[in-house]
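Using the hints, position chain B against chain A.
There are 2 protein chains.
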Amino acid sequence: MIINGLPGDSLKANDRGLMYGDGVFRTLRISQGKPFLWQQQYDKLQHDCAAIEIRCPSIQILAGDLEHLLLSRAELAQNAIVKIIITRGAATRGYAPAANPQVTRIVSISPVPDYPASFASQGIKAHLCKLRLGHQPRLAGIKHLNLLENVLAAAEWNDAAIAEGILLDEDGHIIEGTRSNLFLVRNGKLYTPDLSKCGVAGLQRERVIDYAKQHKIVCKITELTMDDLLAADEIFMVNSVIGLWPVRELPRFSCKHFPVSLQIQDWLNNESN
Amino acid sequence: MIINGLPGDSLKANDRGLMYGDGVFRTLRISQGKPFLWQQQYDKLQHDCAAIEIRCPSIQILAGDLEHLLLSRAELAQNAIVKIIITRGAATRGYAPAANPQVTRIVSISPVPDYPASFASQGIKAHLCKLRLGHQPRLAGIKHLNLLENVLAAAEWNDAAIAEGILLDEDGHIIEGTRSNLFLVRNGKLYTPDLSKCGVAGLQRERVIDYAKQHKIVCKITELTMDDLLAADEIFMVNSVIGLWPVRELPRFSCKHFPVSLQIQDWLNNESN
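Taken in order, these protein sequences are the chains called A and B. Residue numbering for the first sequence follows this note's numbering, starting at 783 and increasing by one per position. Residue numbering for the second sequence follows this note's numbering, starting at 783 and increasing by one per position.
Honestly, the hints are just simulated from the structure, not real lab data. Virtual Cβ for every residue (Gly too), placed ideally from N, Cα, C. Please note: incorrect hints may appear among the correct ones.
Interface residues of chain B toward chain A, partial, derived using beta-carbon atoms under 10 Å [what the hints assert, rightly or not]: (1) 797; (2) 920; (3) 1044.
Which bits of chain B does chain A cover? Going by a derived footprint, with three or more residues having C-beta under 8 Å, they are [stated by the list, open to error]: (4) 783-793; (5) 869-877; (6) 886-900; (7) 1045-1052.
Cut-off 27 Å, straight-line C-alpha distance, at most; resulting in silico cross-link-like pairs (DSSO-like, lysine-lysine) [as the list claims (entries may be wrong)]: (8) 925/B / 794/A; (9) 912/A / 794/A; (10) 865/A / 794/B; (11) 816/B / 907/B.
This is chain A alone, in the form it adopts within the complex:
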């Protein structure tokens, strides 16, 4: 772990990241020794910092931290998962941010999780979460550190065969997975939830939208209901760690062929930086 440029694994306990969840993060893949989609990940980080008015460290500084980390963990340097956390730094007094806070940056690395290969090729079983996401337009879309909803949702199932949970919002609209974004396929068109009230707009979601455009597949960002979900020809989930997983089974939904999902998966996995 590299914390503010130095090797270490601990953090001041008065950090606003701990006290208030006052920060943002990214999770990205190291592939063939390089951070995959580095510039795009940085752009997202910068966007999210700006959304809550945290000064984002420069891309050079973060690239330096990352290089430092990869040198120190040679066994993971080819293929790994990196998490970058940026917080508003040490707390002074109260919730209001200090005028010019020294932000905290934490860059950590871990092995790529060993998910069964079948998740990507034959699809996953998903849980439909009981917890409903609350609306907060000011934080919607942002990958911030207030993740208790995700924790409570992920605690709902304890069956290793279930690989992800699908979250609805307080109005009953489909929003996302507990750690992924969601797409539906119907009649050759793509649909993905509008995230202007809640949810996290991940980089892979953006890439799917971009690839759809390039390949002249209609992709609508819209409100989606349970009826839309259950009537889908295909459902798939994306994030930077899993890539793309089709959904094989969900209560009242099953699907065994995912031609569109697998085509998009191919684009996501194989196109270069």
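Then chain B, alone, in the frame of chain A:
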């Protein structure tokens, strides 16, 4: 600072408190060398831990941490503010809690803020926050570590004359202050917002409700609108650090006499443990 029973000021950076805001906290006063309302504060902590299924440390363990802290900071031991944070401990993999996590406990101390005495006697100027609290019934009432809404709300003003901000929810109902609970007085009756959808139910709020009952003052927990706020005879805010502050000025509201507020303030400040 005492962390897991030992003096220190740092925390493992993979703590779920930092990564997900996965924890709860209390803020309490040390008065005449003793934690004020210790049993009640502990009961609240235990309640909030249970609400998100964190195993709460025993009251003996936390009392030991506190004693250790007060011995090590003799200059603050008579009169201070203590913050207790309990998190779900080190992260393993993903949002789902581990089966039997070792919780993290952080007990820290700071001087009592030097608010002008006039805040308590002559009332405060308050800001009406633009940010609206989102609804999340699963987390409503709990003093947890997902506080970005409070951070964004407190960032809305930068005028030292404004002592607190009042928060409405997404439906436009009055909920609380950014770090306090709120009461209205009208025709000798008390009203405080229903916190079943959002907001934090502080210990001082509970005490006000209890004192009202003891003294046969009607106190209604209900939905309150801007009209109710502006039509109030008195408005006051409470928490364990400030005690009780009447509201002197708010856009479209002003008040110079607070007989009911000051009576309740007296009860809150002077009655014993």
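Structure-based check of all given hints:
{"no.": "1", "hint": "797", "verdict": "holds, 7 Å"}
{"no.": "2", "hint": "920", "verdict": "holds, 6 Å"}
{"no.": "3", "hint": "1044", "verdict": "violated, 25 Å"}
{"no.": "4", "hint": "783-793", "verdict": "holds (count 6)"}
{"no.": "5", "hint": "869-877", "verdict": "holds (count 5)"}
{"no.": "6", "hint": "886-900", "verdict": "holds (count 3)"}
{"no.": "7", "hint": "1045-1052", "verdict": "violated (count 0)"}
{"no.": "8", "hint": "925/B / 794/A", "verdict": "holds, 21 Å"}
{"no.": "9", "hint": "912/A / 794/A", "verdict": "violated, 36 Å"}
{"no.": "10", "hint": "865/A / 794/B", "verdict": "holds, 15 Å"}
{"no.": "11", "hint": "816/B / 907/B", "verdict": "violated, 32 Å"}
Hint compliance for this structure: hints 3, 7, 9 and 11 are not met, and every other hint is.
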